[in-house]
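Chemist: Each chain is listed here by its residues.
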Amino acid sequence: MNRHDSVALRLGYDRGSLLLSGGLPDRCDRPAWLVWDERVRAWRCLALHYRALVHWLTRQPLDFRDDARAYPDLPASEPRLPEAYPHQREALEAWGRAKRGVVELPTGSGKTQLALRAIAEVGRAALVLVPTLDLLAQWCGAIEQGLGLPAGAIGGGVNDLQPVTVCTYASAYRRGEQFGDRFCLAVFDECHHLAGEGYTRIGEVLLAPYRLGLSATVERPDGGHQALEQLIGPLVYRRSITELSGDYLADYRVETIEAELNPAEREAYDAAREQYRAFARERGLTPTSARAWQRFVFVASGSPEGRAALEAYRRQRQIAHAPESKFAVLARMLRRHRGERVLIFTNDNRTAYEVSRRFLLPIITHQTRTAERRAILENFRNGIWPYLVTSRVLNEGVDVPAANIAVILSGTASVREHVQRLGRILRKAPGKEAVLYEVLSRTTGETYVSQRRRQHDAYR
Amino acid sequence: MLTADLLDYRRRSGAVTPRLLDPAAPAAREAATALLALVQGQVGQPRAALDDALRAAEFPALPPKAAAGLTHLLLERCTFEVAASVDPVALRRAVFDAGAAAWRGAEPGRDEIRGRPDSAPGSAPGEAGWRAAVLARAAGALGLDAAAADAALFADLEENQRLLALEPLRAEELPYRYNVAQVQGLLLRAERVTLSAPWPAPRRLRQLMRWLKFYRLLFRQEPGAELMLVVDGPLSVLESATRYGLELAQFFPALLLWEPPWRLDAELRLGKARQRARLRVEPQPWLRSHYPDQGQWIPDEVLRFVETFNAHTSPWRAAPAEALLMLSGNRCLVPDFEFHREGADPVYLEHLAWPDAAQVMARLEQLAAAGRADYLLACRGVPAVKALGAHPALVTFRRSLLPGLVRDALTRLRP
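Note that the protein sequences, when read in sequence, are chains A and B. Okay, so the first sequence: first residue is 1 according to our numbering, each after it adds one. Okay, so the second sequence: first residue is 461 according to our numbering, each after it adds one.
These aren't lab readings, by the way, just hints derived from the structure by calculation. Please note: incorrect hints may appear among the correct ones.
[Unchecked claim] Dumping the calculated SDA-like pairs for lysine to any residue here, alpha-carbon to alpha-carbon at most 25 Å:
hint: 1; chain 1: B; residue 1: 673; chain 2: B; residue 2: 760
hint: 2; chain 1: B; residue 1: 525; chain 2: A; residue 2: 40
hint: 3; chain 1: A; residue 1: 432; chain 2: B; residue 2: 560
hint: 4; chain 1: B; residue 1: 846; chain 2: A; residue 2: 234
hint: 5; chain 1: B; residue 1: 525; chain 2: B; residue 2: 463
[To be verified] Computed from the model, here is a short list of chain B residues facing chain A with C-beta under 10 Å:
hint: 6; residue: 562
hint: 7; residue: 591
hint: 8; residue: 817
[What the hints assert, rightly or not] For each label pair, taking beta carbons as the anchor points, the in silico distance ranges come out as:
hint: 9; chain 1: B; residue 1: 541; chain 2: A; residue 2: 358; range: 23 to 31 Å
hint: 10; chain 1: B; residue 1: 461; chain 2: A; residue 2: 371; range: 43 to 51 Å
hint: 11; chain 1: A; residue 1: 297; chain 2: B; residue 2: 475; range: 23 to 31 Å
hint: 12; chain 1: A; residue 1: 73; chain 2: B; residue 2: 753; range: 54 to 62 Å
hint: 13; chain 1: B; residue 1: 680; chain 2: A; residue 2: 196; range: 32 to 40 Å
hint: 14; chain 1: A; residue 1: 27; chain 2: B; residue 2: 805; range: 43 to 51 Å
hint: 15; chain 1: B; residue 1: 676; chain 2: A; residue 2: 302; range: 39 to 47 Å
hint: 16; chain 1: A; residue 1: 141; chain 2: B; residue 2: 872; range: 34 to 42 Å
hint: 17; chain 1: A; residue 1: 226; chain 2: B; residue 2: 500; range: 48 to 56 Å
No residue lacks a Cβ here, since even glycine has one placed at the ideal position from N, Cα and C.
Only chain B is shown next, with the shape it has when bound in the complex (with noise of 0.2 Å):
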């Protein structure tokens, strides 16, 4: 992910426009391709050195930015070891221990503090011949020599550390991936994204929604002629920012997978005085997932459930849902898990993520307006819940959805 000062974008009229680098360009290539084998090169050696040999590659024919946001993406692909003999906090406390006592037994300071600089090394305190001295002693009880204690002593600091390995990655994916971390960086300062296309077939809207689960977003469908989704942003006044807004940073490469057209639009707060803007983003060759595109996937948690309740005698089977429900005015519930028992139709199960007592009870309300007495909704029972009282389409559970809950709101609802 990009930090907000290497995000890169024009404003003008209250919209943002990412400048995104063009992965076929041979500027790019080139940097992509340079920066990867100066990182590669580095294997072994200090960050420091790592570092230094960093912000000496200049790439003229690349925005300063760009190659600084590439930069910090292949930083992050980076390990780093801690290359030292002994362990240097206890060779900092031999030390320094060293140090105090020898410091306590110099001479008073009868001299002037202002004055001209010592010409050449002495053996008074805080002189180098002193230094080596006291440095030999506290490596000596360690059984080091004074040089090793020497470079051991900092060895854990970030710049000394050593470059272990760096992740693989082909030089031909970092441009990509610093254009979808441009988009991401935006959607972390995003009051509220929303998804429109033309009305997909059911599989791929499925798909959708199972992302928009699996990253626990809230969103809600507007009615409409096309597929109109609303997703709440990390500067929506009901989240947390941090965790929320990764979330949907994350989501975006798998927006990336989906059968295009879609579209993206949100409505962001920037800068300190945060500012209103607006971005759009629409599928185009220079974004690119880097997701690996798993068609109809389903999560493991729902292959999990689905397991464990079938691991059970009892008459109803669980399967993972495909079905959308369709309610009036374009709207539709998409449950997570379907539940079959011979001879009867099918009961539905979604599970809400972020329960919420007002949330809860609004779609208890649109359940019993659509006539839907086959569905069921599962949360996690905090208070304010609670509070709603009993409800037969309600399975409230304490940390996790248990087969035996929802077998027995299957025998309430289907006696």
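Next up, chain A with everything else stripped away, as it sits in the complex (with noise of 0.2 Å):
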């Protein structure tokens, strides 16, 4: 068969590409993204081209069958969703022009709320990516109470695939092109995640022609936001937690409180901050940014005096991150906000371990396996164990909304790290105000950490 003899066309799905078998006419404007494979002889693209590559075949026009797309309509149920506020309105109206792009919205504003509506819209099966298994428990209970659909699941050893199916990023990125082919909508939950290496592949392997992103915090410092607009489209929609909060969010305040570090702490610290400045210093080191401090990690760890300044370095940092008094500090906000729910937060692991150590409270680092995570996420939701500790892995996308005490013990200099964690608190609940406090070491690195995560207008 001649790849130019013919234009009678099949479209197929091939794990997690599309294949158009036969010819296409010989001056036909083809698009860039589709290349003829010679191992298959056929014209193939990536699945994420379907909407593009179905219409370009229209235009042209081509006759060809579509064998492609598997997805089946939505079966006859009953939505319960509440009515939408005026953001969930705008937001969905702006999506729906083109049925592509990225909502941007605060924590607790109701983007899963959203979501339903757009799948009961879309009136056809819908696959929700979400980054994390507490997430996807979250978002089945909320498919079956809103769409009144029995919720599928993948992710964390479950395999059941459903009209409207729940996955995890890890799942679908291993997995994607086994069913890539089976959803006409994709939502992606904490859509930032998406574009991070690798996890591109996923936007690529589904065929979805409708694409729906929500985050609290699109922008990456990486760049890495810009691969959405390919993988999901443009964002059509954005609101702050400034122009949210009191009417859909709750009322928050955020309050710094600064620790001392004491004479022993203090003395281990500054000789550990000058050897490593020094270290930069001789060789005209300024680690100011991120690529000058991957230049100064790349010559450090080059000869036993740089190895010893990374150590310095990460020394100095451990002592900011929990100096003694910071222990006390704590100890008495949780005397003070007793009764309340409070979540601790730190930048590692080692200080979350001390401190629940310490005080003997329930934590969830990466290491927390499924079954002990759900039942202290559980204790926490119904107050049963009201305070909790995370280093990272709450950041974003737990839904607790009784919290209202957020304690920053140590964090980077990350604007989104810190809008996620505040997002933890702003769930409205009658009554409720939040309280954001930010525990630092005075006279250290994590000043000026403060000052640069204060960036947002949420740090009010």
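Both chains are given apart, each in its own frame, so use the hints to dock them into the complex.
Modeler: Here it is, written out as structure tokens:
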């Protein structure tokens, strides 16, 4: 069979890509992403291009049989969705124009409800992608309650495909091409994850012509968010925390508390800081940007003095993150907020485990297994264990409406991290005022880190 | 397998050269010996102690990446265990229950959050005396004392797990493993791999083909004066990266067993920007396979099929295929099985690992053009293949190739 001798075309889905079998006319203006695959003697492109390919074939016009899409209509059901907030209506309208795009809304402002409305409106099979197993369980509950449909789940050892299915990014990365043709709408929750190296593949193997991205913080410091436009669509709607707080989010305040290093800590901190700064100075390195920092690490890794300087850097950081006085401050906070729901965030697991050990508080880190994690979150939600320690794994996504106090014992300079952490306590509840405590070690690098993350307007 | 940050290579004009260790050099030998002794000496100790000891070890004669890579390969061979007399999860549940009850019973905090740190441990919630009392209460309910409970509270964390054993390895082997892992790490990022060699003896060619099939690699043969096989890389548009990439990486030590001369050329995509680069590997003394050389080895699944097929009464007898069937343009067919019947020419069968309608179609056309009516193709009956309709040379199956299906096809072909 010659690739130019026929115009009878068949479009098929083939493990993450589309295969267009049959000949294309010689003089057609073929899209650059449609390539000839000699191995199978057919035209091939990523499944991502399904919508564009169908449009192109229709415009030519070329006769083709579409065997690629395998998504069903949603079964009849009775959705029970609460009345939409104005920002949800606006967002849905903005997205609905092309049924492709990203919506940026703060945590607690009803992104899940917005997505459920989109699923109901499209009326065809939908796949919801989430970064964690906690969110997977949360979404399944919301789908069953809101849409009145059984929710399928893929991830954490479960493999149940339904017309509306929730899947973790990790499972979709491994197995996306097995079910990439089965959904018309793809909802990417916390969609900034999709822009990470590797996960972009998920967006490429799904055929879904309709795509909705949801995030509280679309922008990534590595610029990866630019990939979202191709994988999902443009940013179609955005509202900030300050625009929605009070009416649709809980009122909140941010309080900064400075803790002193004790004399021994101060001495060790100053010595370690001077050691790594001296190394950097002598070599003309000023690690003030991500690129300069990479250069510093590269140079330092090459010699014993450099490695000692790196170790000194880590030591001074650890001292600033967890001096004795921060633990004393935390003890007082927990006593003051007795009976309330408190989330304690640290920058690293070591400090998180130290808090858990000292104060005998439940803890969730990346090492916590699923069953224990579920039990801890359940006990936190219903108030049996009112305090919860974590490093970074609960930065996003977990829904705990009752939580009203967040303590940032230590963190990075990332604005996104802090907006996400603040988001954990902003879900509206009657009479709720949320408080975010930021505990800093006085006269250390933490002061600078705090200034950096306070660039966001949420830190009024 | 080495992670991306441990890959060490030089890049010049688009060509990538992995920085390999000279296994005979004292620096590599001494580092491998010292690392093995260090890890072996930590058997029975917590993981954190092992990590500290590894961090403190200095190998100034070795590039830091190489030291980190050797360490990584050794850690992959370690088995760790949880050392605790009680289930840490159950213990934590009891401790957190007791902790929560104690916090609930605390005096409401009227003290200022801002203030001087406490100078001495006291018995107020969150202070040292309070902690010991709560922990003792929770531990007592589980029949433990407070110290044992404290030790077991997070015994299941990675850093607290105990090193149980190190899978044996001779120190002189470690640099070779490192070198092979450097190439494997690059192959995970390959779009296409081309294997070239002067035309080998049929038995050696069959050995190579068997490896390619065993690792389920997608390949095609290019016509030419020398053997040229083009193998799809994990980053080709067709395949998902992870599993296929691992198969390709695992194929590499098998290739190292192959008789020289040969050449591997890979087209790579490196880094976040997926920049194009080329890798060339040829047999050389620093690259040595750790797979046993099984010579003309036949995969178990082939032997199992032959055994099951021949257990039934039938005029046909199955055997692992030995022949290579040459086509025009120096192309060849590499069947997996051959079937003999008294007084008749043999029939061959090839098992296609990744059935694809267009590929099956092309293969059937190739057989027709070569006039081969003695060749069967077997593959899973995925819907796209089924849609091609029945063909006397095509055997489709659901899960595995069953002898009955092949017997029926043989009967249709040679009534």
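Chemist: Now, for every hint given, state plainly whether the structure supports it.
Modeler: Hint check results:
1. B:673 / B:760: Holds, at about 13 Å.
2. B:525 / A:40: Violated. Residue 525 of chain B to residue 40 of chain A sits at ~41 Å, over the 25 Å cutoff.
3. A:432 / B:560: The given pair, whose Cα atoms are some 23 Å apart, holds under the 25 Å limit.
4. B:846 / A:234: Outside the cut-off at roughly 40 Å; violated.
5. B:525 / B:463: holds, 11 Å
6. 562: Interface hint status for residue 562 of chain B: holds (7 Å vs cutoff 10 Å).
7. 591: Because about 6 Å separates residue 591 of chain B from the closest Cβ in chain A, which is inside the 10 Å limit, the hint holds.
8. 817: Check passed: Cβ of residue 817 of chain B comes within 7 Å of chain A, closer than 10 Å.
9. B:541 / A:358: 23 to 31 Å: holds, 27 Å
10. B:461 / A:371: 43 to 51 Å: violated, 29 Å
11. A:297 / B:475: 23 to 31 Å: holds, 26 Å
12. A:73 / B:753: 54 to 62 Å: Holds - the Cβ-Cβ distance for residue 73 of chain A and residue 753 of chain B, about 58 Å, lies within 54 to 62 Å.
13. B:680 / A:196: 32 to 40 Å: Given range 32 to 40 Å: holds, Cβ gap about 33 Å.
14. A:27 / B:805: 43 to 51 Å: holds, 49 Å
15. B:676 / A:302: 39 to 47 Å: holds, 41 Å
16. A:141 / B:872: 34 to 42 Å: Because 55 Å falls outside the window, the suggested range is violated.
17. A:226 / B:500: 48 to 56 Å: This hint holds: roughly 49 Å between Cβ atoms.
Hint check: violations occur at hints 2, 4, 10 and 16; the rest are consistent with the structure.
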